[in-house]
Each structure stands twice: as C-alpha cells, then as structure tokens.
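Undergrad: Now for the letters of each chain:
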Amino acid sequence: MNFDDTPQEAKFRTEARAFLSANAHLMSETEPRKESEAELITRARAWQKLKLENGWACLNYPKEYGGRGTTPMELIIWGQEEARYDVPTRPYSIGLGMCGPTMMAYASEEHKQARLPRMITGEDIWCQLFSEPGAGSDLANLRTRCEPDGDDWIINGQKIWTSGAHYSDWGILVTRSDPSVPKHKGLTFFFLDMKSPGVEICPIKQISGDSNFNEVYFTDVRIPDSQRLGAVGDGWRVSLTTLMNERLAVGDGHGCDVLDLVALAAKLEIDGEPAMSNPAVREKIANWYCQKSGLRNTKYRVMSALSRGQTPGPENSITKVVSASMMQDMGSFGVELMDMGGILVDRDDNDFESRVFQNSFMGAPGFRIAGGTDEILRNIIAERVLGLPQDVRVDKGIPFSKVEQGAK
Amino acid sequence: MNFEFSEDQNLLREQAQRFLREQCPLEKVRAVLDDRQKSGDTEVWQAIVELGWTGVSIPEQYGGVGLGYLELCVIAEEIGRSLAPVPYASSVYLATEALLRYGSEQQKEAYLPKLASGEVIGTFAMAEGRGALNPDKLGCNCSGGKLSGEKLPVPDGDIADFAVVLAKEGGATSLFLVDLTASEVQREAVDSMDPTRSQARVSFNDAAVELLGESGQGWSQAWNLFDRAAVLFAFEQTGGAQAALDMAREYAMGRYAFGRPIASFQAIKHKLADMYIAATLARSNCYYGAWALSTDAQELPLAAATARVSATKAFNECAAENIQTHGGMGFTWEFDCHMYYRRAKALAVNLGSLSRWEDRLVTALESNITQEA
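Each protein sequence line maps, in turn, to chains Z and C.
Numbering-wise (the numbering used here), the first sequence opens with residue 370 and increments by one.
Numbering-wise (the numbering used here), the second sequence opens with residue 247 and increments by one.
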C-alpha cells in the first residue's frame with residue numbers, strides 16, 4: 370500500500386502543475402475575491418480559453434471534440450491540482466460535465482459541429498433543465514409539456530433549481546410529450562437557446578439569502594424538431610445519460626472542516642477551561658474526524674481501483690449522504706461553541722473561523738437535498754449496493770394523466 | 247495511488263474465508279457459548295496454528311512465516327467475521343507484538359518460535375477490575391524480580407501459557423513476562439458478557455518475572471502496543487460489522503410482513519444503508535491504519551485511533567441493528583444475533599473504552615497539527 374502516483378500519473382501531474390503555476394496563483398496565496406458575477410464569468414471564459422489553447426480543457430472528451438481522451442485517474446489528478454489554484458471553473462461544470470456528453474451521444478452531426486466547439490472554448494455556457502416543482506426526487510413525474518407544431522415543438526411549463534440559467538446561452542430540457550402513457554415512457558428531450566422568446570428566468574432566494582438557482586418558465590416556447598435529442602418518448606433514457614455523466618466527486622466536501630472546529634475550540638473557553646479540553650467537545654471532534662477520514666480514505670480506495678484500470682466498487686455512494694449531515698452538524702456545533710455570541714452575524718467580519726460555521730449551517734440544508742436527497746441516496750445504497758427490493762410504486766404502469774398529483 | 251490490498255493478499259483473504267467458513271461455522275462458536283466449561287475451540291485453534299497464522303508477523307529467523315502486517319490485517323478481518331472462539335488477538339496482536347517490539351534478542355529467541363508453532367499461547371494483562379486504569383494506582387507490584395497482585399479480567403488468561411503484565415516497580419510502571427503455569431500464579435476462568443472468548447482472574451504471589459523492554463516505561467510501551475493492536479482489533483470489528491450486516495440483509499429479504507419482504511420497507515432499507523455506511527467508513531479507516539501499521543508511519547497513533555473508533559462504532563451499530571431487524575426472533579438465544587452483539591462489546595472494551603480512544607484520537611490530532619505548524 371502506498372499513496373504514490375504511477376510513473377505515468379506522476380508525469381501527468383508534473384505537467385499539470387507546470388501549466389497551472391505558470392498561469393495561475395495558488396489559492397493559499399490569494400485573498401478571497403470580491404467580484405460581481407459578470408466579472409467572475411469574464412474571468413472564467415478567459416481561463417477556459419487558455420486551458421483549451423494549452424490542451425488542458427475537457428480532458429476526458431474524445432480528441433475529435435477538443436479533448437485529450439484522458440483516463441479517469443488523470444481527470445482526477447487534474448481536478449486535484451486545479452482546485453489548489455485561484456481559478457474559476459464553476460460556470461462550466463454543468464455544461465461540460467453533463468450537457469456536453471449528452472450532446473455527443475444524441476445530437477446530429479450538424480448540431481455537434483455547430484454547438485460543441487463554442488461550448489468547449491467557453492463562448493457558450495450551458496444549463497440543465499430537469500427538476501420541476503412537482504418533480505424532484507421523482508424526476509420522471511415532470512409536467513412541462515411539449516406539443517408538436519409543424520417542424521417545431523411548443524413548450525409550456527416550469528422548471529426549477531436550474532443553476533446558472535440566467536447567464537446560460539443554451540440548455541438541455543426534458544419534457545412530457547405524451548401524458549397518456551406511464552410516466553417514464555412519455556418524455557422527450559431537447560436542447561434550446563435560452564434566449565428563445567417565451568423563456569422567463571427568475572432567481573430563487575434561498576434560506577441563506579443567496580441566489581444560486583433559478584425558476585425557468587416556458588410560455589409557448591418554440592423549439593425546432595432538429596433540436597430533439599433521442600426519439601420522441603425516449604427522453605428518460607437520454608436523461609439517464611446526462612445523469613450518469615455527473616462528475617466523480619473528487620473534492621474534500623463542502624463547508625467547514627473538522628480542523629476549523631479544532632481551531633475554533635482552541636481559542637474559546639468553557640467554564641474557564643480551554644474548550645479543547647472539554648470531553649464533550651473532544652468526543653464530537655473525534656467522531657467528525659472519523660467521518661472525514663473515512664470519506665477521504667474511501668476516495669483513495671476508489672482512486673486505487675481507477676489507477677489499476679478497474680471499475681471502482683460502490684463505496685463512493687456514501688460520500689454525499691455522510692458529508693452533507695456532517696456539514697450541518699459541525700456548522701451547528703461551531704455556532705453553539707461561540708455560545709450566546711454565536712448568533713451574531715457580521716458580514717464585514719473577516720474572521721473566517723466564525724463565518725464558516727454560520728455559512729455551513731445555513732447552506733447544509735440545501736446540500737442535503739441537492740443532487741439526491743439523503744433519503745434517495747439511502748434508497749440507492751439499499752437497492753443498488755445491498756440489492757434490496759425497490760419501493761412499491763403505486764404509479765407503476767399507470768398512464769401519467771391518471772396518476773394522482775398533489776402540491777406544487 | 248495504491249490503497250488496496252494486493253492480489254496475493256486478496257487470495258489469502260479468500261483462503262482464510264473458506265477455511266473459517268468450513269472449519270469454524272457459527273455452530274462451533276455457539277458450542278463454546280453453550281458450554282461454560284469450554285475456553286474456546288481447541289480444534290479450530292490447532293488448525294489455525296497449522297495454517298501458520300500464528301507466525302504471520304514473526305520473521306522467519308524466529309520460526310515465523312515472515313509475511314507482514316497487511317497479511318495479518320486480512321486474517322484479522324476474517325477472524326472477526328467468523329467470530330472464531332480462539333485466543334488469536336491476545337496471543338498474536340498483543341503478546342507476539344510485545345516481544346517483537348520490546349523483547350531482547352534472548353527473549354525473542356525463547357518465545358517467538360514457540361508462539362509461531364503454537365507451542366505456547368500468550369496474552370496481555372492490564373486491567374484490574376472495573377473502571378479506567380490509572381498507572382499511579384496499579385495494584386500489581388514487582389519487587390526484587392517477584393510480582394504480586396491480581397489482574398482481572400485477563401483475556402484468555404485461563405488458557406495462555408504466559409502473559410505480558412503491566413505492574414508497578416518502584417515509583418514507575420514496567421512490562422513483565424510472567425509464566426502463568428508457575429505455582430506462584432493462581433488463575434480461574436470468570437464469567438463474561440462474551441463467553442466465546444474466555445476471561446480469567448489471575449493472581450500473582452511472588453511470581454518470578456522478567457523485565458520486558460525498558461524499566462519504568464511500562465505505561466507508554468503498553469499504549470504503543472495498543473496503538474498497533476488497535477488496527478488489528480479494528481479489522482476484527484469491521485469483519486464482525488460486515489457479518490452482522492450480511493445477516494440482517496439476508497433475514498430482511500426472506501422475512502415477510504404486510505405481504506412484502508421487510509427489506510422493501512424504507513425504514514429497514516435506510517437502516518441497512520446506515521449500517522453499510524458505518525461499515526464502509528470503518529473499513530476505509532482500517533485500510534489507513536493498515537498502511538500506517540505496515541510502514542511504521544509517524545501518524546500511526548492517529549490512524550490507529552481513527553480505525554479503532556470507527557470500527558467500534560460500526561460493529562456496535564451493526565450488531566444492535568441486526569437484532570432490531572430480526573424483531574423478536576433476534577432477541578432469542580436460539581438465533582445467532584446475540585453472538586455478534588456480545589463480541590462487539592467484548593472487542594469494544596478489550597483495549598480500553600470508546601471514549602478513551604476518542605480522547606486518544608483528538609490528542610494525536612492536536613499533536614499532528616502542532617507538528618505541521
């Protein structure tokens with residue numbers, strides 16, 4: 370056992386570092402930025418272009434689409450190295466990670482030639498229009514309608530939780546074409562110009578006060594049939610292609626870290642004694658450290674399989690369900706350690722150690738829901754890893770139009 | 247990145263699994279549980295000795311197989327999975343390790359070949375009754391090479407031939423090698439929560455001892471040994487957690503209620519998912535412990551405590567929730583669930599309690615942070 374790169378991986382890492390250090394600054398050596406979203410996007414476009422020109426963009430894409438056809442392990446190594454630098458990648462993660470592979474699999478040659486180069490150079494930003502108010506965990510329950518009209522389709526309905534819709538140029542969209550058949554069978558998939566007439570985008574204000582997502586309304590939006598991806602009624606299969614391409618999470622989790630908690634507890638006192646010597650504090654820190662270390666070491670096991678050219682086991686399925694609750698619990702405990710003063714928010718305060726707990730506490734409820742709720746993820750572990758039976762589905766085999774619908 | 251066991255090690259795992267499935271099915275564990283006169287299963291122990299498992303960590307020059315700690319971790323997990331009623335942990339993880347780390351050349355030559363060949367069984371005697379041990383208040387005392395006092399409980403103390411004993415000498419603590427068959431030593435098996443691994447009361451009345459390691463360093467040497475053993479105990483616990491999860495899964499698939507297998511209810515699915523999560527975190531942390539143990543890494547204390555805490559919690563959870571999944575039947579003597587529940591608790595307290603290891607983990611973490619700063 371060791372944590373070393375293979376000679377080939379080491380060479381790749383050295384090249385990645387050489388490019389990054391010549392063109393960017395280390396995160397640890399830069400001040401947190403205060404920039405507008407427009408400024409962030411301008412910076413992101415420039416970075417994407419520079420990467421492409423130097424052969425570091427879309428590494429896992431085939432060569433014909435501007436990539437390098439790298440191994441999954443090389444993609445992870447690039448991700449690890451790029452994350453150490455103060456460079457903006459977020460606006461492109463959905464487009465390049467999920468929309469690109471879907472387009473490659475289903476778009477016509479003509480559309481691939483027209484759309485993919487602009488996606489890869491960063492000229493176009495893409496978003497993914499899947500969730501709806503009545504279709505979250507049960508995505509196939511979606512109600513946004515598409516109806517044929519000559520060579521076009523007319524779209525009416527609403528999507529929600531669309532990251533980056535307001536600055537996106539293009540989007541991929543799954544809709545219902547036939548409510549008279551069971552839910553998975555009546556879906557049809559498109560890509561569309563987000564500036565199309567009838568598309569209205571409204572930001573959602575989250576409990577944290579931030580706005581990272583949008584509601585997107587469609588009123589008689591016209592999409593040419595040539596922008597359909599997959600056959601009419603085959604939209605569910607196309608959606609699964611998109612979802613399968615969600616990138617292998619290689620980050621070390623969100624929000625506060627257990628070491629932030631150690632740093633905070635080292636500064637505070639409980640009843641005149643250092644908080645770090647309090648047994649209750651120590652017990653909690655020990656258990657969060659075990660979870661953090663367990664996730665890190667699980668990731669190393671997954672990477673080892675990839676490095677050997679094997680398919681990783683199902684271990685990685687635990688990552689989000691563990692880290693989301695840990696983020697909420699640590700955020701909550703960090704605030705409580707500050708006792709009566711823990712409730713105070715000073716937005717100009719640069720005391721990272723106190724803000725990080727408040728931000729984690731307010732952000733974690735979203736993290737526990739986004740990209741698969743705790744409950745759905747436990748179902749996935751139970752069904753796909755442990756092989757337990759699927760839930761009983763009362764809507765199975767029933768035409769969508771006959772299925773009871775409730776709530777917005 | 248090569249953070250997995252090798253093909254050879256996985257082959258060893260398969261062999262170990264097959265051997266224990268065939269030679270040590272749960273009926274054999276139950277036979278020890280049901281017969282209070284039995285202190286483990288001597289046939290299984292003999293077969294383990296013949297496979298060379300008692301010499302895995304012992305170099306060939308001392309009669310061992312000279313494999314390594316990663317191989318020992320693999321075997322530990324399988325022993326844990328099978329609940330084997332044998333003194334493997336006491337003799338291999340603790341007594342053998344004590345001699346390897348702290349024995350003089352002469353002591354190694356005297357003990358290690360016999361440990362490897364199974365001619366002798368060793369154990370480690372630390373506890374003196376209920377409550378966390380305090381080195382200043384040890385009752386066992388050595389003076390002029392003679393040891394007096396009582397150790398309770400001593401795991402496998404009724405069947406072991408010798409023990410490594412923590413005792414006071416002068417104002418400090420030391421480790422001593424003591425022949426348990428000597429006439430100045432009285433011992434008796436005592437009842438415990440997990441009778442599938444025996445526990446004993448051992449009294450010393452001016453028993454002849456030999457110093458092991460450095461005089462006055464007994465307490466720190468004992469905990470250094472416990473750090474190493476903690477990784478191996480954690481593998482046993484992870485093996486046990488996995489076995490309890492497998493048992494719960496199998497039962498839930500076959501047990502029907504309200505017209506459906508109970509495995510189709512989310513309350514049960516999510517419970518089993520949580521057991522899987524706990525066992526997976528424990529396993530991954532165990533691998534880190536295995537790496538630290540096999541490379542004598544500086545972060546061994548942190549890696550060992552992390553593996554130990556994760557694995558203790560995972561086995562506790564999986565053993566308890568296995569009973570819960572079984573419903574009323576899980577609470578009967580007849581079903582095997584309680585054997586995991588008992589073993590989980592026995593392994594959890596054997597090297598010191600969960601809260602002690604949580605505290606050790608944080609101490610190691612603080613020391614790592616200081617070193618890095």
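Treat the hints loosely; a few may be bogus.
[Stated by the list, open to error] The calculated lysine-lysine pairs, modelled on BS3-like cross-linking and capped at a C-alpha distance of 27 Å, are:
{"no.": "1", "chain 1": "C", "residue 1": "K360", "chain 2": "Z", "residue 2": "K653"}
{"no.": "2", "chain 1": "C", "residue 1": "K591", "chain 2": "Z", "residue 2": "K653"}
{"no.": "3", "chain 1": "Z", "residue 1": "K574", "chain 2": "Z", "residue 2": "K564"}
{"no.": "4", "chain 1": "Z", "residue 1": "K765", "chain 2": "C", "residue 2": "K392"}
{"no.": "5", "chain 1": "C", "residue 1": "K274", "chain 2": "C", "residue 2": "K284"}
{"no.": "6", "chain 1": "C", "residue 1": "K383", "chain 2": "C", "residue 2": "K517"}
{"no.": "7", "chain 1": "Z", "residue 1": "K771", "chain 2": "Z", "residue 2": "K554"}
{"no.": "8", "chain 1": "C", "residue 1": "K392", "chain 2": "C", "residue 2": "K360"}
{"no.": "9", "chain 1": "Z", "residue 1": "K636", "chain 2": "Z", "residue 2": "K653"}
[Said to hold, decoys possible] To list a few chain C residues with every Cβ distance to chain Z over 10 Å, as calculated:
{"no.": "10", "residue": "E260"}
{"no.": "11", "residue": "K274"}
{"no.": "12", "residue": "T288"}
{"no.": "13", "residue": "V311"}
{"no.": "14", "residue": "S350"}
{"no.": "15", "residue": "E355"}
{"no.": "16", "residue": "L398"}
{"no.": "17", "residue": "G416"}
{"no.": "18", "residue": "A435"}
{"no.": "19", "residue": "Q463"}
{"no.": "20", "residue": "A509"}
{"no.": "21", "residue": "T526"}
{"no.": "22", "residue": "A536"}
{"no.": "23", "residue": "A551"}
{"no.": "24", "residue": "K559"}
[Claimed, not checked] A short list of chain Z residues far from chain C (calculated; beta carbon distances all over 12 Å):
{"no.": "25", "residue": "K653"}
{"no.": "26", "residue": "A655"}
{"no.": "27", "residue": "R665"}
Quick caveat, the hints were computed from the structure, so don't treat them as lab data.
Model, not experiment: these values are computed from the prediction.
Built from N, CA and C at the ideal position, the CB exists for glycine as well.
Undergrad: Now look at each hint and say whether the structure bears it out.
TA: Quick rundown of the hints versus the structure:
1. C/K360 to Z/K653: The given pair, whose Cα atoms are some 44 Å apart, is violated under the 27 Å limit.
2. C/K591 to Z/K653: Within the cut-off at roughly 21 Å; holds.
3. Z/K574 to Z/K564: 22 Å, holds
4. Z/K765 to C/K392: Violated, at about 78 Å.
5. C/K274 to C/K284: 11 Å, holds
6. C/K383 to C/K517: 43 Å, violated
7. Z/K771 to Z/K554: The given pair, whose Cα atoms are some 14 Å apart, holds under the 27 Å limit.
8. C/K392 to C/K360: Holds - the C-alpha atoms of C/K360 and C/K392 are around 24 Å apart, at most 27 Å.
9. Z/K636 to Z/K653: 17 Å, holds
10. E260: Label holds. Min Cβ-Cβ 16 Å, cutoff 10 Å.
11. K274: 28 Å, holds
12. T288: 35 Å, holds
13. V311: With a cut-off of 10 Å, C/V311 remains clear of chain Z, as the shortest Cβ separation is near 19 Å.
14. S350: Holds, since 31 Å exceeds 10 Å.
15. E355: C/E355 clear of chain Z: closest Cβ-Cβ about 31 Å, beyond 10 Å.
16. L398: 26 Å, holds
17. G416: Since the minimum Cβ distance to chain Z is about 31 Å, C/G416 lies beyond 10 Å and the statement holds.
18. A435: 35 Å, holds
19. Q463: Given that every Cβ of chain Z is farther than 10 Å from that of C/Q463, nearest at about 26 Å, it holds.
20. A509: 4 Å, violated
21. T526: Incorrect as stated: the minimum Cβ-Cβ distance to chain Z is 5 Å, not above 10 Å.
22. A536: 7 Å, violated
23. A551: For C/A551, whose nearest Cβ neighbour in chain Z is about 8 Å away, the distance does not exceed 10 Å, so it is violated.
24. K559: Since the minimum Cβ distance to chain Z is about 8 Å, C/K559 lies within 10 Å and the statement is violated.
25. K653: Given a closest Cβ separation of 9 Å, the condition is violated.
26. A655: At roughly 4 Å from the nearest Cβ of chain C, Z/A655 sits no farther out than 12 Å, so the non-interface label is violated.
27. R665: Given that some Cβ of chain C is not farther than 12 Å from that of Z/R665, nearest at about 8 Å, it is violated.
Taken one by one, the earlier hints fail for this structure at numbers 1, 4, 6, 20, 21, 22, 23, 24, 25, 26, 27, listed in ascending order.
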